[in-house]
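Chain by chain, the residues run as shown.
Protein chains: 2
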Amino acid sequence: MARLKSYLTGADLKAIGEQGLLSILEENFSRVERPDVLRGIGEDCAVIPISRTQCLLITTDTLVEGVHFRLDYTPPYLLGKKAMAVNLSDVAAMGGVPTHAFLNLALPERMPVAFVRRLVQGINFWCRRYSVPIIGGDTVSCPYGVVLTITVLGKGYKGKIALRSGAREGDLIFVSGYLGDAAAGLALLEGKRKPDTAYRRLFRAQLDPIPQLELGRCLAEHKLASAMIDLSDGLATDLAHIVEESGVAAEIDAGKVPISTACRKLARESDASALAWALFGGEDYGLLFIVSPDNAEKIRKELKSLTKVEGPFCVGKIVKGRGVFLWGNGYKKDITHKGYDHFAKR
Amino acid sequence: MARLKSYLTGADLKAIGEQGLLSILEENFSRVERPDVLRGIGEDCAVIPISRTQCLLITTDTLVEGVHFRLDYTPPYLLGKKAMAVNLSDVAAMGGVPTHAFLNLALPERMPVAFVRRLVQGINFWCRRYSVPIIGGDTVSCPYGVVLTITVLGKGYKGKIALRSGAREGDLIFVSGYLGDAAAGLALLEGKRKPDTAYRRLFRAQLDPIPQLELGRCLAEHKLASAMIDLSDGLATDLAHIVEESGVAAEIDAGKVPISTACRKLARESDASALAWALFGGEDYGLLFIVSPDNAEKIRKELKSLTKVEGPFCVGKIVKGRGVFLWGNGYKKDITHKGYDHFAKR
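Chains as they are written, first to last, in our numbering: chain A, 1 to 346; chain B, 1 to 346.
Isolated chain A (complex conformation) (with noise of 0.2 Å):
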């Protein structure tokens, strides 16, 4: 489509990257000092205080079709309960409950009315399971593709959020489950490669990745995080966040990252490297969460009867500095915001 010519000219936004972008938007929206913003960008949700023990924790997601799902092997049920779950993440990383949400669907107007269906069907089985209902939204025409944005609201109570920017030098790094198998499903599905039962947990860590609210909440109820995220990015990113807020550095031991067997199995037989997926594949929705070596005990020990997660892994701890880096044998690496950039020259 023709477009202006005077704003045609001059650098474009794969030149500056996601965090050119995010600095644009920055300079323009500082981060507000005011007395009903407790947080806003640079979490997992915005926090608005809304009574003297409650907050409102809000957050939003959008989901292009061709660059975070194809529909040539997306069905629409799991796209739906995809997009649903992500956003559900986020309430999970501020330890949060939640409450209600908004759909805008972008539809092109050739789309078949029974992809719109079990499309919908997939947002509402998260909807049902935690009791958030839709209650607003806009449809709109799209002619290009099917462009999701959901926007989900939750509860939380004040001095019991986890934010991002809680780390402190010795705190241990965790993960809630495997890493990996998100972008290993990603790979398989993009080498239309038929499912195979070995595979299975791949494909599904792909396309239906489950929100982890339980531990969570139970993490924010128990204060036992000083900081936590979603792994929406990657976990070289999403610990990026996390250091910078916090002003501290990241080391993560290369042998502690959890990586499940079929996932090792397919990075092998594809000549892939596991590791590669695991740092900076990204949507693992998982959580990322940091504590402090007196917790520590308690979360290896506790957490699996609390929570239905796999791990939790310790992956490393946290250091005076700045940045994230990957300790392997013999070597040191800078891996800080290496995972998945919306706008970064590939």
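Honestly, I wouldn't trust all of these hints.
Chain copies aren't distinguished; within one or between two, either way the pair holds.
[Unchecked claim] Each computed DSBU-like pair below joins lysine-lysine, with the alpha-carbon atoms no more than 35 Å apart:
# : residue 1 : residue 2
1 : LYS14     : LYS192
2 : LYS192    : LYS155
3 : LYS155    : LYS223
4 : LYS265    : LYS158
Derived from the structure by calculation, the hints contain no laboratory data.
We have chain A already, so just place chain B on it with the hints.
Relative to the frame of chain A, chain B by itself:
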């Protein structure tokens, strides 16, 4: 893009129209009867009680390149400004005060940085004017075009929120300003005419609408409107929402529909119908509000001084029955839902 074959068959959205799509959503997300949802789907904003006296209002709108705007004639600054204005207009229609906003930006990675900067500055215009900080959102790449979703939160006071459902037989129908200017402006832009001072107000109505927050607030505060909605889809469709939610019918007097001199002039010159633009064109973003006969005199006399709008104009009355009807010289036409439909056969 290829899509799963099994969902490619059967009727498409064009066959069922926007009302058909909304029915699918309502089947799944049935109107919620819960104490923590006062109003959901079917209002300009969702309404959630947050204290004994206050309610949270939430509205969200998606604008799609090539559908809601074209970048060959829309400067990015005005695009951003309008995207924010249409959301604020929904808060105005409930008589609320906007408090916070969220921005989901889906942009092609080849989009110039200069474009994004101006877009964001345009959004910021209304944010500053009404102290509505952007406190969250999402940035994603979108290969095919710009898709903008803005979500606005606001507050309202219980018992002083204007809904769509309060219109009663005998009430009068008011609009806050001239109708059809935005549609006429669109016709001008689509016809690629150069700006002409005679048509300045038409360009402005299409590219730079003004949310009627002060008017909405005043009407709600003094309980002057029995029902209210903003004029986004055209009088015929917006009024249809009010009569449906209220269980009544509406009669519009064709001779009373307020049409500007500029709009009439363009219609004559381009062999179009100014009345059709006014009734079906949409995007005027004034307020449509219903007033009991007792309050009508007050509205006529005092509103001009209380607010800065050109009207208000009385265009008809609420009667028994169902539907929206246009009365002209010797004719009566059913125009229910004849405004803009995203998925209509065209």
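Structure-based check of each hint:
In this assembly of identical chains, LYS14 and LYS192 lie within 35 Å of each other by CA distance both inside one copy and across copies; the values are 28 Å within and 31 Å between. Taking the closest pair of Cα atoms, LYS192 and LYS155 never come within 35 Å of each other, the shortest separation being 41 Å inside a single copy and 49 Å across copies. Proximity of LYS155 to LYS223 under the C-alpha cut-off of 35 Å is found in both arrangements, the shortest distances being 16 Å within a copy and 31 Å between copies. In this assembly of identical chains, LYS265 and LYS158 lie within 35 Å of each other by CA distance neither inside one copy nor across copies; the values are 45 Å within and 59 Å between.
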